[in-house]
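Student: Each residue of the sequence shown is one higher than the last, beginning at 127 in this note's numbering.
Among the hints, erroneous ones may be present.
So the derived label-pair ranges between C-beta atoms look like this [claimed, not checked]:
#1 Val143 to Leu176: 45 to 51 Å
#2 Ala139 to Ala161: 30 to 36 Å
#3 Ala161 to Ile129: 32 to 38 Å
#4 Lys160 to Ala139: 58 to 64 Å
#5 Leu149 to Phe173: 34 to 40 Å
#6 Ile154 to Leu175: 27 to 33 Å
#7 Val140 to Ile172: 46 to 52 Å
#8 Ala137 to Arg167: 43 to 49 Å
#9 Ser159 to Lys128: 29 to 35 Å
Listed next, the in silico SDA-like pairs over lysine to any residue satisfying Cα-Cα at most 20 Å (straight line) [stated by the list, open to error]:
#10 Lys128 to Val140
#11 Lys171 to Ser159
#12 Lys128 to Leu138
#13 Lys160 to Val148
#14 Lys130 to Asp141
#15 Lys174 to Ile163
#16 Lys171 to Ala161
I should point out that these hints are in silico values taken from the structure, not numbers from a laboratory.
Cβ atoms here follow ideal geometry from the backbone N, Cα and C, with glycine treated the same way.
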Amino acid sequence: MKIKSVVSLLALAVDIVIHIGVLFMVAIYVLVSKAIIGVLRLINKIFKLLGLKKPSSEPMA
127 MKIKSVVSLL ALAVDIVIHI GVLFMVAIYV LVSKAIIGVL RLINKIFKLL
177 GLKKPSSEPM A
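All chains, please: the whole structure from these sequences, using the hints.
Tutor: Structure representation (structure tokens):
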């Protein structure tokens, strides 16, 4: 009985850790993508202020 309860506790702990890890990964992904979009917009604004066109080799965001 003891082994069974330990195994179920371990399974629960692993499940919780996996869920927390997934949530963290999603949060980090969202933050990083927002930061990248913000930086791209900032670069675009700077180029527009300088009167330069963005190189056409870059994919349009």
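Student: Look at each hint and say if it fits the structure.
Tutor: Quick rundown of the hints versus the structure:
{"no.": "1", "hint": "Val143 to Leu176: 45 to 51 Å", "result": "holds (49 Å)"}
{"no.": "2", "hint": "Ala139 to Ala161: 30 to 36 Å", "result": "holds (32 Å)"}
{"no.": "3", "hint": "Ala161 to Ile129: 32 to 38 Å", "result": "violated (47 Å)"}
{"no.": "4", "hint": "Lys160 to Ala139: 58 to 64 Å", "result": "violated (32 Å)"}
{"no.": "5", "hint": "Leu149 to Phe173: 34 to 40 Å", "result": "holds (37 Å)"}
{"no.": "6", "hint": "Ile154 to Leu175: 27 to 33 Å", "result": "holds (31 Å)"}
{"no.": "7", "hint": "Val140 to Ile172: 46 to 52 Å", "result": "holds (47 Å)"}
{"no.": "8", "hint": "Ala137 to Arg167: 43 to 49 Å", "result": "holds (45 Å)"}
{"no.": "9", "hint": "Ser159 to Lys128: 29 to 35 Å", "result": "violated (47 Å)"}
{"no.": "10", "hint": "Lys128 to Val140", "result": "holds (18 Å)"}
{"no.": "11", "hint": "Lys171 to Ser159", "result": "holds (18 Å)"}
{"no.": "12", "hint": "Lys128 to Leu138", "result": "holds (15 Å)"}
{"no.": "13", "hint": "Lys160 to Val148", "result": "holds (18 Å)"}
{"no.": "14", "hint": "Lys130 to Asp141", "result": "holds (16 Å)"}
{"no.": "15", "hint": "Lys174 to Ile163", "result": "holds (16 Å)"}
{"no.": "16", "hint": "Lys171 to Ala161", "result": "holds (15 Å)"}
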